[in-house]
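Chemist: Here is how the chains run, residue by residue.
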Amino acid sequence: MHEFLQALLHPDIPVLRHAMLVGLLSSVAFGIVGTFVVTRRVTFIAAAIAHCVLGGIGAALYLRARLGLTWLEPIHGALPAALLAAVIIGLVSLRAKEREDTVIGAVWAVGMALGLLLLAKTPGYNKDTMSYLFGDILLITKRDVWLVAGLDLVVVAVAVFFYNKLLAVCFDEEFARTRGLAVERYYLLLLCLIAVTIVLLVYLVGIVLVIALLTLPAAVAGQFSRRMAWVMVIAVLLCMVFSTAGIALSYPYDLPSGPTIIVTGAAVYLAVLAAKRLRA
Amino acid sequence: MSADARTAGSGASEGAHRPAVCLQNVSFAYNGHPVLRNVNLDIPGGAFSCVIGPNGGGKSTLLKLILGLLTPAEGEVRVCGEPPANVRGRIGYTPQSAQYDPQFPVSVMDVALMGLAERHWGGRYTPGEKDAARRALDEMGIGDLKRRPFPDLSGGQRQRVLIARALVSNPEILLLDEPAASVDLAAAKRLMHTLREVAKRMTIIMVSHDPAFIFDMVSRVICVNQHAHIHPTSELTTERLRELYGEDVRLIRHDLSDQETDHAHA
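As you go down the protein sequences, you meet chains A and B in turn.
Under the working numbering, the first residue of the first sequence carries the number 1, and numbering increases by one thereafter.
Under the working numbering, the first residue of the second sequence carries the number 1001, and numbering increases by one thereafter.
To be clear, the hints were calculated from the coordinates, so they are not data collected in a lab.
Model, not experiment: these values are computed from the prediction.
Where hints are given, some of them may not hold.
Stretch by stretch, here's where chain A covers chain B in the computed footprint (C-beta under 8 Å, at least three residues) [to be verified]: (1) 1090-1096; (2) 1099-1108; (3) 1113-1121.
What the simulated footprint calls covered on chain A by chain B, stretch by stretch (three residues with Cβ under 8 Å from a Cβ of chain B suffice, anywhere in the stretch; the number is not a length) [said to hold, decoys possible]: (4) 17-23; (5) 78-91; (6) 140-153.
Incomplete in silico selection of chain B near chain A, CB under 10 Å [to be verified]: (7) Lys1064; (8) Arg1148; (9) Ala1166; (10) Asn1170.
We put the CB at the ideal spot given by N, CA and C, even for glycine.
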């Protein structure tokens, strides 16, 4: 632990501080949006959106190499790809009531496949794809911290402002419709919030593991409160603890940070469930 | 089909109320399976009406057409003289209480306030709106439960919360889908008693598959089995009711296969 704190404050290793900041900042969005994901039961859809992000990352890296756009970062492709996937999947799940899961599964895989194809054809690209799939704190730059802070602010502001409507639509879609609420618009808004949130932590935990950080804090928080707003607050705090603890644990043992964060969260979830079972 | 000769038609015999709900030649089908055929109905304003009929006979479809959740394939639905979509704010709707996610983290108060969710573009509920929600919960006799988690309540209590949610916007018409479905008989009777008080100030249309204990409470009975017929309760003798109820029972058995296919496509 002492070693980790020293490294954290070391002026020559800014990447650790950036990773911590990204984790703490995005926890706010993850706790709030994750609670919607868990209560509205759209984990599968969120996972599909996350995997489509690879398509965007691939496109950004490909364009950067081919067209010499040096300013183009992977996250600039990740964000539009996530939003596009959210809208496509959202429309599919609203319109095609039958075989919804089949179409979503296909979008999921096609998004990844496009990303892998683009990466394969990107000249000079030889970093391993693993970094984007499972996270790599070495990918995080100071600019990313600012970008994450900005996106975080947008997600939280939108989610808080529309909280009552999103809650009404998630709880009882049919009733919301009888009140004249544009249910479909709010559903798409929720999926877009999920998309942006996922992009926040693509570097830290990767597109495959990000889904667990969206659901585990909210699932644990759901054991402690029966009111949506409190579940969100607790989920935010838990997400901060998971990401910080994960980074702190991964450093001294030289473990990849993404998987360490996820396993930490899962361990807490299981411990809470076990404690509850024992007390009951 | 139920060739029901005792149709009382559109006779609005009580008071000078204009029809609250009016259906003209309405037909509706799910994926080619007709659910309602050529329905003509005038439900008078201010009345407490009950829609009865076999499962799959079209009761819920009728309710959804009135709510504007479904659009008729043919014919016209008018609520307060207008298309349902124009008068959504004036209709209160109470769905069945059994359909909710038992883990959804909402309090009773949260649910009641959802009846006002369309009022704002965003932001929080005003103190006035919270007062309205409290009053609606008090009227339903569950004001003391307002901080409790909604999924923790009994079926009857949940039903009362959902009615409060419909009442909080002070609608002119209250539509209830099987309010007694997941409630024991004693609680159902108390619920009907409360509803009769509510009926003094608004039109109530209630769907029920179990009409046995309702007839002395309501003024109109609408029988739905693809076709719909309205009967003033006063014109129905006990014998006729038994006849009607018996006929329904027979029709349920007769339509069993239809009912299953309807279900698969719903």
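Chemist: So, for every hint listed, does it hold in this structure?
Modeler: Here is how each hint holds up against the structure:
no.: 1; hint: 1090-1096; verdict: holds (count 3)
no.: 2; hint: 1099-1108; verdict: holds (count 7)
no.: 3; hint: 1113-1121; verdict: holds (count 6)
no.: 4; hint: 17-23; verdict: violated (count 0)
no.: 5; hint: 78-91; verdict: violated (count 0)
no.: 6; hint: 140-153; verdict: violated (count 0)
no.: 7; hint: Lys1064; verdict: 9 Å, holds
no.: 8; hint: Arg1148; verdict: 9 Å, holds
no.: 9; hint: Ala1166; verdict: 8 Å, holds
no.: 10; hint: Asn1170; verdict: 13 Å, violated
Hint compliance for this structure: hints 4, 5, 6, 10 are not met, and every other hint is.
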